[in-house]
Structures are given as C-alpha cells and as structure tokens.
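Line by line, the protein sequences are chains A and B. Per the numbering used here, the very first residue in the first sequence carries number 1; after that it's consecutive. Per the numbering used here, the very first residue in the second sequence carries number 1; after that it's consecutive.
In short, the hints are calculated from the structure, not lab data. We treat Cβ as the ideally placed atom computed from N, Cα and C, and that holds for glycine. Don't take every hint at face value.
[What the hints assert, rightly or not] Quick partial rundown of chain A residues pointing at chain B, CB under 10 Å, derived from the structure: (1) 147; (2) 187; (3) 223; (4) 242; (5) 271; (6) 288.
[Claimed, not checked] Dumping the calculated DSBU-like pairs for lysine-lysine here, alpha-carbon to alpha-carbon at most 30 Å: (7) B:116 / A:243; (8) A:127 / A:106; (9) B:57 / A:179; (10) B:54 / A:277; (11) B:145 / A:250; (12) B:24 / B:145; (13) A:243 / B:57; (14) B:116 / A:249; (15) A:179 / B:116; (16) B:57 / A:283; (17) A:259 / B:59; (18) A:250 / A:190; (19) B:57 / A:173; (20) B:111 / A:282; (21) B:38 / A:282; (22) A:283 / A:250; (23) A:107 / A:179; (24) B:145 / A:282; (25) B:7 / A:173; (26) B:131 / B:57; (27) B:145 / A:277; (28) A:173 / B:116; (29) A:249 / B:145.
[Claimed, not checked] Computed footprint of chain A on chain B; a stretch qualifies when at least three of its residues, placed anywhere within it, have a C-beta under 8 Å from a C-beta of chain A: (30) 54-64; (31) 105-115.
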Amino acid sequence: MKKIIYILVFLFSMTTAFSQNKLINAKYFLQQEEFVKAKELIDAAVVDSMFYDLPATWYIKGHIYKGLFKENESDDLNSPSRVTAINDFKKCIELEPEGQYAESAKKGISYLATTIYNQAASIFNEKTYSTAISAYEFHKEVMRYAYPETDFLDKDIMFKLRMASIYNILAEKDTLNAKVHIEAAEEVYKEVLLLDSNNRSANYNLGIIYYNQGVDIVNNMDYNLDLMELTIIQDEIIVLFRKSLPYMKKAYDLNPTRKETLIGLQGIYFSLNDMPKSELFKKELEMLEGSGKPTQDEEIDEEVQDK
Amino acid sequence: MKSDYQKVDTNAKIKSVFIYNFTKYIEWPSEDQVGEFKIGILGKDIPLYTELEKMSKVKKVANRTFSIISFEGIAEIDQPHILYIPADNTELLKEAINKLKGKSTLIVTEKPGMAKQGSAINFVIVGNTQKFELNKANVSKHNLKVASLLENLAVIVN
C-alpha cells in the first residue's frame, strides 16, 4: 500500500513539475526568440487549469504571438497571430487590471495597435481605402482598450483629409461619377472643420470645390444660351463663388504665404468681377514670388522631396 | 469636374455668350449679311479672343462662319460686324468711332460710362454679375437695329 502511495506522490510531483516546466520553458524559448517552440508550450499551458488564471501565462502568450507576428506576419493586415496576441494581453489585463503585468500588457497592445495604424496608413489609396479605414478603426478600438484616454483628433483629421484627397483622385479618374466623388470629398472636409475649424487644408479645399462648381457651370454653358437663362446661371454661379470665398479667406488668414491660396483668392474675386481685390491678391502673389523666399507650397514640396 | 484649382476666365466665356446673342438680336443691313461674320478685338484680350475662337469653331450666324480678328491698332480696323474694345484700350474709343463712321459695326466696350461716350453696348458689373448697357442712338448711327428682347434685358442709356 505504502508503495502505491509513493508511486502516486511521485507521479503527481512529476506531473506538476512537467506542467510548471511548460510555462518556464515557454518563457525560455520566448527569450531565445524561438517562437514556434514557445507557442507549442504556451498553447499547452493555457489549457492547463494550473496556469489558466495566471496573468503571467497570458502575458507570456501575448509576447510569443507578438513575436510570431513580427517574424512571419508583419505584412499581413489580417495577421491571426497579432489578433491572438492582442486578445492574450487583454486577458492578462482582465486578470490583473493593475500592476506590473497589466502595464506591460498595455505597452504590448499599444505596440500592436501602432503596427495596425502603420499598415492602414500604407494602404490608404484609391483602391484599398475602405480596408484602410476599417484597419484604422480597429487600431483605435485596440488602443482605446489599453489607453482609454488616447486622443485621436490629429489622426482622425489626417485620415479624413487623406480620404478626401482619395475622393478627389477618384473624381479625376472616374469622370462619370465625378460629381458623387466630389460631393463625398466635400462632406469629409466639412467633417474635418467640425473637428477643427482652423484646418487650413479643409478650408482651402472646400473653397476650391465651390469655386470649381461655379467654373464647371460656366465651362458647360452653350454659347447659344438664351440671355434670360444666362442671367439665371450668372446668379447661380455667383452664389457658388460667394460660398467659396469665406473658406479661401480663412485658409489665407491661417497661412498668408501659400501660393495656392493667393491664386485661389485672385480667381474667386476675378469671377466675382471684383477686379480691385483680384489685383490685390495677384500683386501679393507677385511680391511673394519676387521676394526670392520660397513660398509655403515650395517649402512643403522640398520637405517631401527630402524625405 | 476637377478637384484642383481651375484657371479659367469665367468672364470671357460669359461675354462670349452675350456676344453670340448680340449677333442674333441685332440686325445688320442686308449688304452686311453675306460672307463671314467678323468680330474684331482692338488690342490684346487673350482670354476673350481664345473664347471667341472656340465659339467660332462650333457656332455660326445664320449659316455664316465667324472670323475672329485681333487688331493691333486703329489703322488695322477693317469694318468688322462687331468691334470689341477692352477696358485697357478705352482711350481709343473716339478714334474707333471716327474710323467706323457710317459703317455697320456694333461697337462694344467694357468700362463704366462708355455707352454715353459712343459705344453701342457697354458691359457693366451689377451685383457681381455681367450686365450690359445699350445706347440705342449709338446703335442707329451705325445703321443697325435692335430687337426688343435685347432692349428689355439691357440697361438703357441715352
């Protein structure tokens, strides 16, 4: 009987030791950056009731899957390892909302959220913009879990401006639906101004959209247009030019040395038949160009080239 | 529809539409209703010249083709049906009138007060929009007749 008890104690000790080794060994292989071996061990550990409720288990698992993501799936927007790592870090935080593991797990989440953001930014083009937007929303969701106070205002504005410029590109390429794309861009610029009324780019581009709408009407006019109709159309286009003016003026107030804004104001006032003001901005532009100093537009172009 | 700034002279297009309407609502003597319909610009108004050139490629006056001419000076003026004098050359109005005395030319200007100084039609800006003044006496002096519809839409100047 005694012999059987010894055998059972021995077997229990062996099992416990083996179980403990799973976590210790997983951590060891993680430190060695042997993520595949580490994965096998940690996947076995998390189904073991001995480790399931330990923050350390999920913390280590999160790091192992983060390593797998970096090693094999860093170009994959839908990386399963990244999603697993995020969920593991979340589980770790759930088990220990405060403390050392929680803080480290938050940093792990933040790192992974940043990789999602970077990928979203890199695929934000006219072909894959909807995927990019979904990815950006996922980035925000993940980041908010770790750091609920994160301020996304600047990033939101940047993504919206990028979206608007994609609509503009689509308008150029898909001429049949150009009006729809431009209207979409208009809405996005308005959203940006709701977030930041002093956004120069949104003000400038809204000014251009309304100005161009007036110009398009003029361009499409038939020479044979009846004079009564011409009177009505002139009234319509003046409304659009007047609508564009406050946005362009605001863009000018925000940065008076941008060439494009001076050209825009010159054109709007010209189309409003306000020649003195059109001349004023024409001269301002000539002075700016003649000063030898680079205009804001040129400075930005140079910065882009440098990069 | 473009998304970047369109450098377009909207005024030139609007004036071209007006001018095309003038060809419909002004009556030239029968001897001037044959051959090309000549529109001359005194001096350089490149946007308007370009726009009228475009118009001449797609429109006619009662089956007559347009000829758009840019006159460098008074001496070059060769009895066009319409003579357009841009604001920069307004000081040449008197000389142009003398040159075209008794000829069937509609003189069009674009500076305040010119309809009182001899032009038949003068473009003016009213509330940011292009309108036109009409001096019927100056039209008649050049043996031209104005349709009532044009009169109704004009600012009449005596």
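These are the hints, each one checked on the structure:
Annotation: interface hint on residue 147 of chain A violated; nearest CB of chain B at approximately 37 Å, more than 10 Å. At its closest, the beta carbon of residue 187 of chain A sits 14 Å from a beta carbon of chain B; the interface hint therefore is violated under the 10 Å criterion. Annotation: residue 223 of chain A was flagged as interfacial toward chain B, and the flag holds, the nearest CB pair being 4 Å apart, inside 10 Å. At its closest, the beta carbon of residue 242 of chain A sits 8 Å from a beta carbon of chain B; the interface hint therefore holds under the 10 Å criterion.
For residue 271 of chain A, the suggested interface contact is upheld, since its CB lies about 5 Å from the closest CB of chain B, less than 10 Å. Violation of the interface hint for residue 288 of chain A is found here, the shortest Cβ-Cβ separation to chain B being roughly 16 Å, above the 10 Å cut-off. Using a Cα cut-off of 30 Å, the hinted pair residue 116 of chain B and residue 243 of chain A is violated, with the two alpha carbons roughly 35 Å apart. Simply put, residue 127 of chain A and residue 106 of chain A have alpha-carbon atoms about 33 Å apart, too far for the 30 Å limit, and the pair is violated.
A hinted pair counts as satisfied when its Cα atoms are at most 30 Å apart, and residue 57 of chain B with residue 179 of chain A qualifies at roughly 28 Å. For a cut-off of 30 Å, the pair hint linking residue 54 of chain B to residue 277 of chain A stands: about 29 Å separates their Cα positions. Between the alpha carbons of residue 145 of chain B and residue 250 of chain A the distance comes to roughly 50 Å, so the proposed pair goes past 30 Å and is violated. For the given pair, residue 24 of chain B sits about 11 Å from residue 145 of chain B by alpha-carbon distance, which is consistent with the 30 Å threshold.
At roughly 34 Å between alpha-carbon atoms, residue 243 of chain A and residue 57 of chain B are farther apart than 30 Å, so this suggested pair is violated. A threshold of 30 Å between alpha carbons decides the hint, and for residue 116 of chain B with residue 249 of chain A the separation of about 38 Å lies outside it, so the pair is violated. Simply put, residue 179 of chain A and residue 116 of chain B have alpha-carbon atoms about 45 Å apart, too far for the 30 Å limit, and the pair is violated. Between residue 57 of chain B and residue 283 of chain A the alpha-carbon distance is near 35 Å, which puts this suggested pair outside the 30 Å criterion.
The suggested pairing of residue 259 of chain A with residue 59 of chain B is violated, with an alpha-carbon distance near 38 Å, which exceeds 30 Å. Distance restraint check for residue 250 of chain A and residue 190 of chain A: the Cα-Cα separation of roughly 14 Å lies within the 30 Å cut-off, and the hinted pair is therefore satisfied. Between residue 57 of chain B and residue 173 of chain A, the direct Cα distance comes to roughly 28 Å. Compliance with the 30 Å bound is thereby established for this hinted pair. For the given pair, residue 111 of chain B sits about 21 Å from residue 282 of chain A by alpha-carbon distance, which is consistent with the 30 Å threshold.
Restraint check: the Cα-Cα separation between residue 38 of chain B and residue 282 of chain A comes to about 34 Å, which exceeds 30 Å; the hinted pair is violated. About 19 Å separates the Cα atoms of residue 283 of chain A and residue 250 of chain A, which keeps this hinted pair within 30 Å; it holds. For the hint linking residue 107 of chain A to residue 179 of chain A, the alpha-carbon distance of about 45 Å lies beyond 30 Å, and the restraint is violated. A C-alpha spacing of about 41 Å is found between residue 145 of chain B and residue 282 of chain A, which places the hinted pair above 30 Å, so the restraint is violated.
The suggested pairing of residue 7 of chain B with residue 173 of chain A holds, with an alpha-carbon distance near 20 Å, which does not exceed 30 Å. Using a Cα cut-off of 30 Å, the hinted pair residue 131 of chain B and residue 57 of chain B holds, with the two alpha carbons roughly 25 Å apart. Taken as a hint, the residue 145 of chain B and residue 277 of chain A pair is broken in the structure, with Cα atoms around 38 Å apart against an allowance of 30 Å. Taking the CA atoms of residue 173 of chain A and residue 116 of chain B, the gap is near 51 Å; set against the 30 Å cutoff, the hint is violated.
Restraint check: the Cα-Cα separation between residue 249 of chain A and residue 145 of chain B comes to about 46 Å, which exceeds 30 Å; the hinted pair is violated. With a cut-off of 8 Å between beta carbons, the stretch 54-64 of chain B has 3 residues touching chain A; three or more are needed, and the interface restraint holds. Here's how the stretch 105-115 of chain B fares: 0 of its residues keep a CB closer than 8 Å to some CB of chain A, so the rule of at least three is not met and the hint is violated.
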